[in-house]
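Engineer: These are the residues of each chain, in order.
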Amino acid sequence: MTHAKNLASDVQRIIDDYLDAIGVALQKSRLTREERQSVVDNVEDQIAEMLNARAIATPAEADVRAVLAELDSPESYAETIESTAPEQTLASHAQPNAGERRLSKVAVVGAVWAIAFFTCVPLFFVAWTVTPGNEPSLLWFYTGRALMIAGVSAPLGTTLLGLIAIGQIRNFQGTHYGMGLAIADTLLFPLLAALPVCVAAGGTVIAAINGSSPGWYELMTSPTALTAGFLFWLLIATAVVWLVQRWSRKLPGAS
Amino acid sequence: MRAWIAQVRKGLVEFCILAVLDRGEAYGYQLLQELAHVEGLALTESTVYPMLSRLQQDGWIRVRAAPSPTGPPRRYYRLTPLGQSRLQEMDKYWEQIQHATNALRKGKPANDSRKKSGE
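Taken in order, these protein sequences are the chains called A and B.
Letter 187 of the first sequence, counting from 1, is numbered 187 in this note's numbering, and no numbers are missing.
Letter 13 of the second sequence, counting from 1, is numbered 1013 in this note's numbering, and no numbers are missing.
Hints may be right or wrong, so weigh each one.
[Claimed, not checked] Per the computed footprint, the stretches of chain B lying under chain A, defined by three or more beta-carbons under 8 Å from a beta-carbon of chain A, are: (1) 1018-1030; (2) 1036-1047; (3) 1050-1061; (4) 1072-1083.
Note that these hints are calculated values from the structure, not bench results.
Every residue, glycine too, gets a C-beta built ideally from N, C-alpha and C.
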């Protein structure tokens, strides 16, 4: 704590006690530690300026007490912080109209990137099939390579952009929409990655019930195992999507 | 009556803080002094300073610390582009609600006032 100028230690103690009491009152609020400190710093600066306005070289205890008497009680910080909560203020009513809200560009880029995965990678392999006398041009070579990089990096890129879009839609409090698309970006590749795991797990369970121990190839080619695994995955995917959608409905900007 | 006034004031705290900061950068106490002069509002530090922290948290205002001639470092606040955009929305809403309530008091349908205000 930075002290005001020219204060005796016992006088400074009175101010510190007052500021500490405000800090304690603010602990009941939703403010972070840093924000609470910011409030206390502002009050401390105000006290310093009020003492300075009294034009006394060395303020005495009586001066400090007189200044503190002009200020709100520390307890009032606990009361006002709740009464000015965002849901009760004018700003919460001033949300932009639906026409003024913007679709999250980050979520859109994530979706386009995901499409790149499903189109670019197969395209690349088709284009890469080089036959004698039919070698690709330099332009085609580099285009194909760029497409491949875009496609291969899509699982990571789309998932990350989805997460960023969710954060953006939350933080911008209603100015952006597209929560559904952002969630789809985030969950698409993790859920797809879970598919073979679920198929293997479902197949293993079916095989165990039948009393057999099939190999990996048998498991992946068995219609029963594939169906059981797919159903298992569908169940998990549905549960995950439902949970995330339910959570997202509580966020501002969800659509 | 007192309860009603308190409710109205609650809703106007953010609006008034942003309106003051729209005129330029200000430190906490300076802002408070400006707000204290607003007739009927009578905002005090226990309302204004926590609200500044909340507005900063929401990204509506930005803060910088600078040395003070009187004591501890001073925190200067200014509007961010998001804060400016929010203030414009609040201005628009405020104007809309004023027209609507004025029309209501004069016994006109609320839609008339909307048309007049270009809504």
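Engineer: Hint by hint, note whether the structure agrees.
Structural biologist: Hints, one by one, checked against the model:
no., hint, result
1, 1018-1030, "holds (count 3)"
2, 1036-1047, "holds (count 4)"
3, 1050-1061, "holds (count 9)"
4, 1072-1083, "holds (count 5)"
In the structure shown, no violation is registered for any of the earlier numbered hints.
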